[in-house]
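**Student:** One line per chain: the protein sequences are A and B, in this order. Counted from 1, the first sequence has number 89 at position 89 by the numbering used here; the numbering is strictly sequential. Counted from 1, the second sequence has number 1046 at position 46 by the numbering used here; the numbering is strictly sequential.
The set of hints was computed from the structure by calculation and includes no laboratory data. Hints are all accurate, no fakes.
Cut-off 20 Å, straight-line C-alpha distance, at most; resulting in silico cross-link-like pairs (EDC-like, lysine to aspartate or glutamate):
id	chain 1	residue 1	chain 2	residue 2
1	B	1164	A	118
2	B	1377	B	1184
3	B	1164	A	125
4	A	160	B	1277
5	B	1185	A	193
Over 10 Å on every C-beta distance to chain A, these chain B residues come out as not near it, computed from the model:
id	residue
6	1072
7	1137
8	1202
9	1215
10	1229
11	1303
12	1375
Distance ranges between label pairs, derived from CB positions:
id	chain 1	residue 1	chain 2	residue 2	range
13	B	1186	A	128	37 to 43 Å
14	A	55	B	1137	45 to 51 Å
15	B	1142	A	21	54 to 60 Å
16	A	71	B	1186	53 to 59 Å
17	A	196	B	1278	17 to 23 Å
18	B	1297	A	196	30 to 36 Å
19	B	1102	A	189	44 to 50 Å
20	A	46	B	1278	48 to 54 Å
21	A	196	B	1205	26 to 32 Å
22	B	1372	A	128	41 to 47 Å
23	B	1264	A	24	43 to 49 Å
24	B	1050	A	48	43 to 49 Å
25	A	175	B	1324	52 to 58 Å
26	B	1226	A	189	50 to 56 Å
A virtual CB, placed ideally from N, CA and C, is assigned to each residue, including glycine.
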Amino acid sequence: MVLIGFSTGAVARGDFEPALALLGATSMTAVELSALRFGELPGLISALPHLDLRQYSYVSIHAPSSFPEANEENVVGLLESVAANQPIILHPDAIFDFGIWQGLGSRVAIENMDRRKEVGRSAEELSYFFEKLPEARLCLDLAHAHQVDRTMTEAYRILKTFGDRVCQLHVSELDSTGHHHPLSFGTMRAFAEIASMIPPEAAIILESLNPLSGANPQSQINWIEQEARRACVSLGRSDRSSEFAAVTAPFGLMNRAVTA
Amino acid sequence: MSGPENSISSSSPLELLSQILDCRWANIEEARQRSLPILKRLSETIESVPGPDSDTSVVVDGSVARHECTKGSDLDWMLLVDAQANADHQEILLGIRNALSAKETSGKQTLFSELGLKEPGPEGTFGTLAFSQPLTHYIGGENDSNSNTTRRVLLLLEGLPIGKRREAFDRVRKNILKRYLIEDKGLLHRGIDGESRWVPLFLLNDFARYWRTMAVDFSYKQFNRGGKGYALRSIKLGTSRKLLFASGLLACFWCDPAVSHTENREPKTQSLIDCLEVFLSNTPLERFALFFRSNLQIAPSTFLEDCARELFGSYDDFLCLLNDEQKRDHLEKLDPGSQDTSEIFAEARKIRHRFRLAIQEVFTGSESPIREHSIAKGIF
Chain A
1 MVLIGFSTGA VARGDFEPAL ALLGATSMTA VELSALRFGE LPGLISALPH
51 LDLRQYSYVS IHAPSSFPEA NEENVVGLLE SVAANQPIIL HPDAIFDFGI
101 WQGLGSRVAI ENMDRRKEVG RSAEELSYFF EKLPEARLCL DLAHAHQVDR
151 TMTEAYRILK TFGDRVCQLH VSELDSTGHH HPLSFGTMRA FAEIASMIPP
201 EAAIILESLN PLSGANPQSQ INWIEQEARR ACVSLGRSDR SSEFAAVTAP
251 FGLMNRAVTA
Chain B
1001 MSGPENSISS SSPLELLSQI LDCRWANIEE ARQRSLPILK RLSETIESVP
1051 GPDSDTSVVV DGSVARHECT KGSDLDWMLL VDAQANADHQ EILLGIRNAL
1101 SAKETSGKQT LFSELGLKEP GPEGTFGTLA FSQPLTHYIG GENDSNSNTT
1151 RRVLLLLEGL PIGKRREAFD RVRKNILKRY LIEDKGLLHR GIDGESRWVP
1201 LFLLNDFARY WRTMAVDFSY KQFNRGGKGY ALRSIKLGTS RKLLFASGLL
1251 ACFWCDPAVS HTENREPKTQ SLIDCLEVFL SNTPLERFAL FFRSNLQIAP
1301 STFLEDCARE LFGSYDDFLC LLNDEQKRDH LEKLDPGSQD TSEIFAEARK
1351 IRHRFRLAIQ EVFTGSESPI REHSIAKGIF
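In isolation and in its complexed conformation, chain B is listed as follows (with noise of 0.2 Å):
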């Protein structure tokens, strides 16, 4: 299984898209440029350290992971374990911390400050060991703690192996996969109206808890933190973590083969594992971008090209506003009594509101080719 490309190419589905509707992202663009070498850079750094095997993978989340890096993006990695109990492993986390910390000898700077990237947040989610046990085990329950939800659904949506060693991954994202598909029952089964259902929805209700829990923990950290950084979290909340949401969404209904287009698929449990897989080893804006453009080649809709150049050109625009440093600054101190008096709140908000009509259509609008799907499996 590869991973998402190292260099764009003519074949990326963004690059594809946008010839089609015959427009250029410039910001999404960026940030993609911007992400690259970084992912590159961070493998040669992950490779440099001893320890890493076929039983561990270094797994980056977020924005970097996503192809979205922008100035002051986190880093939030994990050292993802699949393997017979080894302290070794705490070895090597250490090893991959102290390489990702350390001083270059030229310079002053850590590996973060030179490439502007935050270390991992303070709810300790990440820059740690992940075992695949939980992570596979503890869907749901008293067990599934916010970390491993977190951890497992991230790793499910934006998560990118970087170094060599990607088997690790390879095999818990899998095995993930076949825990959500096998416990539901009413998979590939006729229902009443006769018809097979396609679509995971063990899967599509985790989603959606986490993008609800994404939401109560916005909330949380209002609380906890005093505000502190709270438009920030707000904007992104309506724009990246929804996009991260309505992606996973549309992961689940892609399985439908009337959906994604797709002949001959075998009503198998491995077949939409491997559906999954492939589908999910795109970055969020990705998915999207494969969907408006198997859709357009079928036929022309005036309907999509329309959602598409929204969805696209709001967030766009959203990561535009993130990667202005002074914006970026503003946002983060603004203090939630003062965001009724902020110009760069508002014009915020308007990013936000523009996506959010812009994802509503494509999935609930009249012409929508998974308006049925969002409403009878996505709402109700």
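Isolated chain A, as found in the complex (with noise of 0.2 Å):
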């Protein structure tokens, strides 16, 4: 079974409870909570008891990308109670100490950051983190490597480095300047020559923003359905990708580029 799912924070922004009420309507089989704003992240806490998310066989929770010095005890505390086998997916330029950190253990995956950022683009600027959280696993966000290096060659890098790490997929596509969008064939074909790299057994997570978001449910649900397919298709995670014909067809040559 392919890990696979969205990240609420894309499906609906900024509202889990209509996301997950989406996401419950199709196949994906792995989902993320997103707090990416602190004052979020109360709400999802107290939250995360009652939520059904039976259907997933894999969750994980992104901490807020940013908060107050003051309030970093404040959210470790809050994601402590978060469950031991749900990934914490942090941004490394979010942590203040890391001590405070380092009792989540395993439970936190370092991701990758985008060309805004000053740090932990790179294999050699993660290891500063992974250093200082030597436990800590890797959320390898694919459309933050391909927007700093267009070749993958950073991308590479950091499977290269940390490969054994990655407990998760970011999927979408990041314009210059960090707008997350739907995959392109592009993005798709240079995420598809690293893609034998990635451990097959890491959830993929789609940050692709939902296009539809306010349309008709069915047509929010069928898109939901096409992106995951599109990504495990450049992923080449193979269940789903004898679906490709169907999702591809309008796009002629472009598909055998992808696929070859």
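Need the complex rebuilt from these two chains, each delivered in its own frame; the hints are there to steer you.
**Tutor:** What follows is the structure, given as structure tokens:
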């Protein structure tokens, strides 16, 4: 079974409940509960015991991407209540005091950053954070890696150095200003170039921003399923690749480039 | 990706090779020691200019970038832009130009004169904006002008980003390398001999083309400038320019795990970009030092030791000559008609000859580990 799903923040920005309602009607097997903004975390944590997440074989929590230093202990305290088998995705530049995070051990998954950030973008920059948090795992954001380096050499270096730490992927298209979009064929082809180096057990979490947000639910569900198939194809997760022809038929020649 | 280190460390490839060979190249060392503070000073100046961000890098080429700075070296630099079109880039360029040319308030020297450097040459290839799009897309064909080829190949072979913003440089270098690799359809595929080809021939051919362009432009400049500067350019063509090309050829051969003694290199485009980027982050002399050291660590070889001594020894003599203001000045002013009677030119020619023989031995000598590559890929 392929572990694939969406970040709730990509399906419905800043509101995990409607996102989960929509995802509940899809075949997704994984989900990331997003509390990207500091103010979202307490609500998410208090709702966790009551959420019906039974359809998901993999669940992760995205920690806030920034918070005041004075609130760091509070953030970690809230995250400590998350189930032990649910990785906590953390932006490295959000950390003030590594000591506070060390107690979470391997539950923390450091995410590689995009071009806008000054740290955590490359294998070399990530190594600093893994020295400080030696048990931490890695959330490999392929869109960030692709934005930092279109040749995917930096993604290759990250996988070569820290491949055994990867527990989750972030998958989407990212423009030069850092905005998430649905996958394009150029991006799919780029991801395909390093797909063989990604641990097959790593969950795929899509961050492609739902372009149909607010439209009728069935259209959104169809788009979610289609985007998931495209991600599977680009990453060579074969049990959904058989549906590739249906997804890509309108694009003719470009299909061959991706599957070659 | 880290750039060349800003101080000599015991792990410098040149230092390690000199330990293995138990010899010292004082002029190479001196040129490096002269280059590093200049690069530091230039970096500080660039950092004081508002504007450079993750979309731009200031890239230095030439002897300063190669850590071979001597008295009277040029400072070739460009503002590399890898971004959406933005008229502000011209403002950043002007800011850098002004910072480099401004006279110090305490004295009357510009930064160029303070550091003993000459301003970029008259061709307009340097001291200006360079955009990533033509550098990446125009490889070969009518749009690949002399300036474009020069900027692109020098960016790969000796470009060094200064200041804190090197991301644009790193991105563009990787993108250019990828262009060369993905268009090379036989690369990483098995040939008729059943062996995978690791040597990137498109890249190698462009390095070779640039080497021949430099040789042709030598004659062009001679014609265009009425012989002015002929002797010095002639000596440089056969030494520093040749070293640059040879180190590019070596970089292409280095992609072969059998040459670089690399185990478990994946047959992937990204692994070759990684290999090339790391190798090219060394100066041309350091690339040869790495080559000699990696071979000598595996098995002793009198042949390679002799090659290394001669290559570095002759180049050391070349830098010594270049650093002698009187001799450099003599060569710069020497009329082509007077070359046969000039003792200094005769001395320079001897050095150039020794260097040529050393390079030839490294690549095609009977015991050279890259002899077969040189013949099969470098010549035919």
